[in-house]
Every structure is written in structure tokens, then in C-alpha cells.
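Asker: Listed below, chain by chain, are the residues.
Number of protein chains: 2
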Amino acid sequence: MPQLEFFFEFASTYSYPCAMRIEEVAAGKGVEVVWRPFLLGPIFEAQHGVADSVFNNHPQKGAYMWRDVKRICDKQGLPFKRPEVFPQNGLKAARMACVMLEEDQTTAIKFIQGVYLANFRAGVSISDESILERIIAEAGGDADHFMVRGASEDAKNALRTNTDIAVARDVFGAPTFFTPDGEMFWGNDRLEDSLDWTRAQASA
Amino acid sequence: MPQLEFFFEFASTYSYPCAMRIEEVAAGKGVEVVWRPFLLGPIFEAQHGVADSVFNNHPQKGAYMWRDVKRICDKQGLPFKRPEVFPQNGLKAARMACVMLEEDQTTAIKFIQGVYLANFRAGVSISDESILERIIAEAGGDADHFMVRGASEDAKNALRTNTDIAVARDVFGAPTFFTPDGEMFWGNDRLEDSLDWTRAQASA
Numbered sequence: 000m001p002q003l004e005f006f007f008e009f010a011s012t013y014s015y016p017c018a019m020r021i022e023e024v025a026a027g028k029g030v031e032v033v034w035r036p037f038l039l040g041p042i043f044e045a046q047h048g049v050a051d052s053v054f055n056n057h058p059q060k061g062a063y064m065w066r067d068v069k070r071i072c073d074k075q076g077l078p079f080k081r082p083e084v085f086p087q088n089g090l091k092a093a094r095m096a097c098v099m100l101e102e103d104q105t106t107a108i109k110f111i112q113g114v115y116l117a118n119f120r121a122g123v124s125i126s127d128e129s130i131l132e133r134i135i136a137e138a139g140g141d142a143d144h145f146m147v148r149g150a151s152e153d154a155k156n157a158l159r160t161n162t163d164i165a166v167a168r169d170v171f172g173a174p175t176f177f178t179p180d181g182e183m184f185w186g187n188d189r190l191e192d193s194l195d196w197t198r199a200q201a202s203a
Numbered sequence: 000m001p002q003l004e005f006f007f008e009f010a011s012t013y014s015y016p017c018a019m020r021i022e023e024v025a026a027g028k029g030v031e032v033v034w035r036p037f038l039l040g041p042i043f044e045a046q047h048g049v050a051d052s053v054f055n056n057h058p059q060k061g062a063y064m065w066r067d068v069k070r071i072c073d074k075q076g077l078p079f080k081r082p083e084v085f086p087q088n089g090l091k092a093a094r095m096a097c098v099m100l101e102e103d104q105t106t107a108i109k110f111i112q113g114v115y116l117a118n119f120r121a122g123v124s125i126s127d128e129s130i131l132e133r134i135i136a137e138a139g140g141d142a143d144h145f146m147v148r149g150a151s152e153d154a155k156n157a158l159r160t161n162t163d164i165a166v167a168r169d170v171f172g173a174p175t176f177f178t179p180d181g182e183m184f185w186g187n188d189r190l191e192d193s194l195d196w197t198r199a200q201a202s203a
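From first to last, the protein sequence lines stand for chains A and B.
Counting from 1, position 79 in the first sequence corresponds to residue 78 in numbering that gives the first Met the number 0; the numbering is continuous, with no gaps.
Counting from 1, position 202 in the second sequence corresponds to residue 201 in numbering that gives the first Met the number 0; the numbering is continuous, with no gaps.
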């Protein structure tokens, strides 16, 4: 089955509805998803000189984004509450996601979706270890095991590698998709296009 | 018929495919389009301190935009060539569009689409008066009349009013749509959503 790479950031608002729907949409189009957690902070810092989100630096764009994401979630039947802290620090969660994706993809996807719901439905801290432990357990994972593995050098290296790949490919936001022939698509609203591109290439 | 306001900028790449398709898509959903030319330059200057496009200031985002717009135009069956000058100065064309829209909507829409094709298909200067004269004539308008009217105080005031409205409503990019109940939607890829919102409100 052709694969689509899905670069996502736990702090990213538009990555949330995307992460909740990508498996179903991709399956419907016969495409497999390769989940790639990465960090936007270092990218923003390299490209803009500030690690903060453009949505905080540009109030008009920020206000629109909050309204737009709410509408998207409403349409998708997803709960959404603007978190008090934005962007949240997703470093630990992203490292954990990296090792979980290697060891157990099904549990990893449930964990990733649980982290997004913690951020954008519950509005709790996704860098709090007790919360991450609970999300792992709710996803059906071994919390003790993944809390240790998620803090390992393997996890740090895996996340650094994904972020380095994103930088090398000129990623500037999330979610971002790459098709097997290297086409980049940016944004939850380009998911269908990226999958159609992947299918068209696979059958060409 | 319920109305959707369509704020567009002649320099804006994503406004081009939108301006070419909006009448047909809106008619299919039973919505009337209110065309509102405006200028992004003063908005960028007020919000970022620079009148230039973010696509020039942020190379990774700019490179992606050119590729993305090419894909969108390909999908829509529209010619597209990256112009040598970006963003072009659409001041005169926007003033002309304002008065044409008041006097003769059909000719005005043909003129507007002609200006976009001059910018993004032919790559010629859309501030060159001889080119504007030709586009008016090709749209079926009286070139002598509109060249004079387009430089009048009426035209200047109409464009200034549209831009002031856009500023007051926190517009930050183009195309931007407003529904009758004041919902703002940004981007060619939100056209369908903005029309669906307009319909839903009208039948509520």
C-alpha cells in the first residue's frame, strides 16, 4: 500500500482534527499513514527568529485561527476548547510517541489522539508526567515501560531525526504531508489532496 | 438571494483561482457574490510593519505557495505562470474595478478575471495603463470611459472604503469572505464552507 508521511506537532491546533481523522480518511483511499511527530519550535526559531507561534504574534490571524479551528471541529463532531496555554510544550509527549510508534503502532495512535484531546478538549498540561502516564494507560500501553522509554536517548534521537528531516525538507508548519514522490502538502485542509496525489502516483 | 462578500486583491495568488471560479460555485449554491476589491499593502504594513508579502519574507512558505497554487490551478484547468514581479501593484486596477462594479457588474467581473490572467498567466504589468485599457476593451467595456472613471475621486474613495472595512473587520489576507451574519472565512479553500454557512443561515 502506498504511504503518506504525516508530520504533526502536539501543540498545533490544525494537527488536532487531522490526527483524529487521518487513519479513517487514508484507509478509505487505500493509503497507509506514516506518523512522524516533530517539533515546530526549532523551525520557527530558525525561520523567524522566535520560537513562538505566529498565532500569538499576529493577533488578527490568531483570532481567526481559533474561530476557524472551532468551526472545523464542530463540522467533524469533535470537542474543542481553546487551551489557556498556547502553544503547549509537547516535547515529552512527542518523544514518547516516537518510541511507541516503533513498538506498537495501534497503541501509539491512541496515545497521540489522547494527547490531542488532553490539549484541545480537556485543556490540561501535556507536559505533566502524571497526565502522560494516564494517557498511555488509557491507550492500552504499559505506562511504566513507556515513561522510561520515552525519556531514553533512543526517543530523543528519533524525535531529533524527524525534526531534522522536516527542516531539511523546508517544513514551516503543521500538519505537513509528504507523498512517496516527495510532494509536500501543508495543512489539515490538504489531507485529501495529498492522499489523492499518493494514489494517482501509485497507479501511474 | 443571500449574499457573500468576496474581498480580493489583484496581487494575491490565491485570489486568482478563486476569482475565476466563485461565480459558478456560488450560483450552484444559490448565493450571490458581492465583489469587494481591496488592498493588502496597507494591512500588511499596519499588522507587520512591512507592506511586502509574507511569501517574500519567509522563503520556505513562499516556495510552498508557488507550488501549491500551481497544483490548484492545474486541478482547476487554469493556466498559471509565476510572475517575475510579486506582488504586483494592483492599485489602478482595483480602483477601476470599484467603479465598474457599480456601473456594470458583468463587464466588471470579466475585467477582474482579465486582470488576474494578465498577472498570473501572461505575467505582464497590471499597473501599465495600456494593458488595463486593453483588458477593459476585451471585457466589453468602454475603455476611454473607465480609464477616466478609474482615476476619479469616486474610484479612490470606493477602494479606500473597502480597505477600511477590511481593516475594521480584522482581515489579514486574501481572498476573505464574509457571510451575512458576519462570519469571516479566509482562503480560496474556504469558499465552499463560506457558501454553505451563508445557505444554512438563510434557511434557518
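Quick caveat, the hints were computed from the structure, so don't treat them as lab data.
Values in this document were obtained by computation on a predicted structure and should not be read as measured data.
One thing to keep in mind: the hints can contain errors.
In this list, chains with the same sequence are indistinguishable; a pair is considered to hold if it fits within one copy or across any two.
[As the list claims (entries may be wrong)] The list that follows gives simulated cross-link-like pairs (lysine-lysine, DSSO-like), each with its CA atoms no further than 30 Å apart: (1) Lys74 x Lys155; (2) Lys155 x Lys60; (3) Lys60 x Lys28; (4) Lys80 x Lys60; (5) Lys69 x Lys28; (6) Lys91 x Lys155; (7) Lys74 x Lys60; (8) Lys74 x Lys28; (9) Lys28 x Lys155; (10) Lys91 x Lys60; (11) Lys109 x Lys28; (12) Lys80 x Lys109; (13) Lys155 x Lys69; (14) Lys91 x Lys28; (15) Lys109 x Lys69.
Asker: Hint compliance check: list the failing hint numbers for this structure, sorted ascending.
Answerer: 1, 9, 13, 14
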